[in-house]
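J.: Below are the chains, spelled out letter by letter.
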Amino acid sequence: MTRLLMPYNKTILKLNIIFSIVLTFLSSLLFLSKKSSHSPIFLIIAFYIFWIMTGGFFLSAYYFEITRENEYYFYYNLGISKVKLILLTYSLHLIFILPLLFVLQYV
Amino acid sequence: MSDHLEVDSIRKSFGDKQVLTDIALSCQPGDIIGLLGRNGTGKSTLMKIIFGTLFTDYKFIRINDKILNQPFKSKSKISYLPQDDFLPKNLTVNKVVEIYSYDFDQKGFLEDEVLSKVTGTKIGNLSGGESRYLEVKLLLNLDSIFVLLDEPFNGISPLHVELIKSMILKEASQKGIILTDHDYRNVLDVANKFYLLFDGGLRPFKTKQDLIDWGYVPERQF
Numbered sequence: 001m002t003r004l005l006m007p008y009n010k011t012i013l014k015l016n017i018i019f020s021i022v023l024t025f026l027s028s029l030l031f032l033s034k035k036s037s038h039s040p041i042f043l044i045i046a047f048y049i050f051w052i053m054t055g056g057f058f059l060s061a062y063y064f065e066i067t068r069e070n071e072y073y074f075y076y077n078l079g080i081s082k083v084k085l086i087l088l089t090y091s092l093h094l095i096f097i098l099p100l101l102f103v104l105q106y107v
Numbered sequence: 001m002s003d004h005l006e007v008d009s010i011r012k013s014f015g016d017k018q019v020l021t022d023i024a025l026s027c028q029p030g031d032i033i034g035l036l037g038r039n040g041t042g043k044s045t046l047m048k049i050i051f052g053t054l055f056t057d058y059k060f061i062r063i064n065d066k067i068l069n070q071p072f073k074s075k076s077k078i079s080y081l082p083q084d085d086f087l088p089k090n091l092t093v094n095k096v097v098e099i100y101s102y103d104f105d106q107k108g109f110l111e112d113e114v115l116s117k118v119t120g121t122k123i124g125n126l127s128g129g130e131s132r133y134l135e136v137k138l139l140l141n142l143d144s145i146f147v148l149l150d151e152p153f154n155g156i157s158p159l160h161v162e163l164i165k166s167m168i169l170k171e172a173s174q175k176g177i178i179l180t181d182h183d184y185r186n187v188l189d190v191a192n193k194f195y196l197l198f199d200g201g202l203r204p205f206k207t208k209q210d211l212i213d214w215g216y217v218p219e220r221q222f
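These protein sequences, in sequence, are chains A and B.
Numbering-wise, the first sequence is residues 1 to 107 according to our numbering.
Numbering-wise, the second sequence is residues 1 to 222 according to our numbering.
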């Protein structure tokens, strides 16, 4: 099953990385100047993880929806619905952020 | 028991406009059902409803005595070629075939006069004819019993049209195929059952004269 999802997963992940970098940059501008008990690096990584799993993912899925909607038929013909595709891809993103969560403990 | 797709009571409206009114259709392996109709009569809408990707309040779809709300989710039941290209443009032909080839022999699939020349090419760099040929061939080679083809001949060269027609005729012995295209001559060439979508209803027809009588083609056309 994972093999069938990979083209969608790779596309969404690439978009998500870009969107999340932009969102992290904007968040950092807003929040890094405020006093915090955490180091700036910790906050930047935490922001990045947060955006990857929320706004970045949502924006990527939405961008795919409006620009490449017909490609969903590639997956429909394999018996994979849109909801299933998005949920499974989201799960795969959890694996992607695991190393970042690990790094977060040491900064 | 032979495989059987039954469609009944399909209704669909967009706003105030009723596009489909109590559509009923039956398809079995060996059938090539040609579906004709003017622009906006609901051919693609009907196919998407049968496939299960377009919602409608009223529909009854049964495959082999099993009622299905979204038939595409049932493996090996139905596949659908949409009007527009659906293969990811950033993948190569090889990769697409590799993903779809859980159902068939990948090497044999690529050994034909069209695909053998483009195996490493990205989908986005294929010509319209090559891309459509690949899409049709992929879907006809899946082990689904029923195949819905929405404009398989749209905008492609005569050579690719003939190759696609040959594939459809070859696969029809094992599959039920429903196809629609504005190039009605090609539809008439390959189909063995014919319907015209007209005024929201599905009307079976047998002769070209019926198409003239119902105003689908002008009289001088034949």
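A portion of the hints provided could be inaccurate.
Just a sample of chain A residues kept apart from chain B, beta carbon distances all over 10 Å, derived [unchecked claim]: (1) LEU4; (2) TYR73; (3) SER81.
Result set (BS3-like, lysine-lysine): computed pairs, CA atoms no more than 27 Å apart in a straight line [unchecked claim]: (4) LYS66(B) to LYS82(A); (5) LYS59(B) to LYS10(A); (6) LYS82(A) to LYS193(B); (7) LYS89(B) to LYS66(B); (8) LYS14(A) to LYS117(B); (9) LYS107(B) to LYS14(A); (10) LYS107(B) to LYS84(A); (11) LYS122(B) to LYS10(A); (12) LYS89(B) to LYS10(A); (13) LYS66(B) to LYS10(A); (14) LYS95(B) to LYS10(A); (15) LYS206(B) to LYS82(A).
Okay, the calculated beta carbon distance ranges per label pair [unchecked claim]: (16) GLY201(B) to GLY55(A): 25 to 33 Å; (17) PRO204(B) to LYS14(A): 33 to 41 Å; (18) PHE25(A) to GLY124(B): 40 to 48 Å; (19) ASN39(B) to SER33(A): 52 to 60 Å; (20) TYR90(A) to ASP143(B): 53 to 61 Å; (21) GLN209(B) to ILE18(A): 22 to 30 Å; (22) LYS17(B) to LEU101(A): 21 to 29 Å; (23) SER33(A) to GLY40(B): 20 to 28 Å; (24) ASN70(A) to GLY40(B): 40 to 48 Å; (25) ASP143(B) to LEU101(A): 37 to 45 Å.
Derived by calculation from the structure, the hints in this document are not laboratory data.
For each residue, glycine too, the CB sits at the ideal point set by N, CA and C.
J.: Next step is simple, just say for each hint if it's right about the structure.
T.: To see whether the hints hold, each was checked on the structure:
Distance check for LEU4(A) against chain B: the nearest CB is about 6 Å away, which does not clear 10 Å, and the non-interface claim fails. With a cut of 10 Å on Cβ distances, TYR73(A) falls inside the contact zone with chain B, its closest approach being about 4 Å. With a least CB separation of 6 Å from chain B, SER81(A) falls inside the 10 Å interface cut-off, contrary to its annotation. Under the criterion of a C-alpha separation no larger than 27 Å, the hint pairing LYS66(B) with LYS82(A) is consistent with the structure, at around 23 Å.
With a C-alpha separation of about 36 Å, the suggested pairing of LYS59(B) with LYS10(A) is violated against the 27 Å cut-off. Of the supplied pair hints, the one linking LYS82(A) and LYS193(B) is violated, its CA atoms being roughly 33 Å apart against a limit of 27 Å. A distance of roughly 36 Å separates the Cα atoms of LYS89(B) and LYS66(B); the hinted pair therefore is violated under the 27 Å criterion. Of the supplied pair hints, the one linking LYS14(A) and LYS117(B) is violated, its CA atoms being roughly 30 Å apart against a limit of 27 Å.
With a C-alpha separation of about 31 Å, the suggested pairing of LYS107(B) with LYS14(A) is violated against the 27 Å cut-off. Restraint check for LYS107(B) and LYS84(A): the C-alpha separation of about 30 Å exceeds 27 Å, so the hint is violated. For the suggested pair LYS122(B) and LYS10(A), the alpha carbons sit about 16 Å apart, so the restraint of at most 27 Å is met. The straight-line distance between the Cα atoms of LYS89(B) and LYS10(A) is roughly 13 Å, inside the 27 Å bound, and the hint therefore holds.
Distance check on the hinted pair: LYS66(B) and LYS10(A) sit about 36 Å apart at the alpha-carbon level, beyond 27 Å; violated. Between LYS95(B) and LYS10(A), the direct Cα distance comes to roughly 14 Å. Compliance with the 27 Å bound is thereby established for this hinted pair. Distance restraint check for LYS206(B) and LYS82(A): the Cα-Cα separation of roughly 39 Å exceeds the 27 Å cut-off, and the hinted pair is therefore not satisfied. Between GLY201(B) and GLY55(A) the CB atoms are about 48 Å apart, so this pair departs from the stated range of 25 to 33 Å.
At roughly 49 Å, the beta-carbon separation of PRO204(B) and LYS14(A) lies outside the given 33 to 41 Å, and the hint is violated. In this structure the hint that PHE25(A) and GLY124(B) lie 40 to 48 Å apart at CB is violated, the actual value being about 31 Å. Remark: the range hint 52 to 60 Å for ASN39(B) to SER33(A) is upheld by a beta-carbon distance near 59 Å. A beta carbon spacing of about 29 Å between TYR90(A) and ASP143(B) contradicts the range 53 to 61 Å that was offered as a hint.
Taken as a hint, the range 22 to 30 Å is violated for the pair GLN209(B) and ILE18(A), whose Cβ atoms sit roughly 59 Å apart. Checked against the hint of 21 to 29 Å, the C-beta distance between LYS17(B) and LEU101(A) comes to roughly 52 Å, which is inconsistent with it. A beta carbon spacing of about 57 Å between SER33(A) and GLY40(B) contradicts the range 20 to 28 Å that was offered as a hint. Our hint of 40 to 48 Å for ASN70(A) and GLY40(B) is violated, since their Cβ atoms are close to 19 Å apart.
One distance hint, 37 to 45 Å for the beta-carbon pair ASP143(B) and LEU101(A), holds here, with the actual separation near 42 Å.
When each numbered hint is compared with the structure, violations occur for hints 1, 2, 3, 5, 6, 7, 8, 9, 10, 13, 15, 16, 17, 18, 20, 21, 22, 23, 24.
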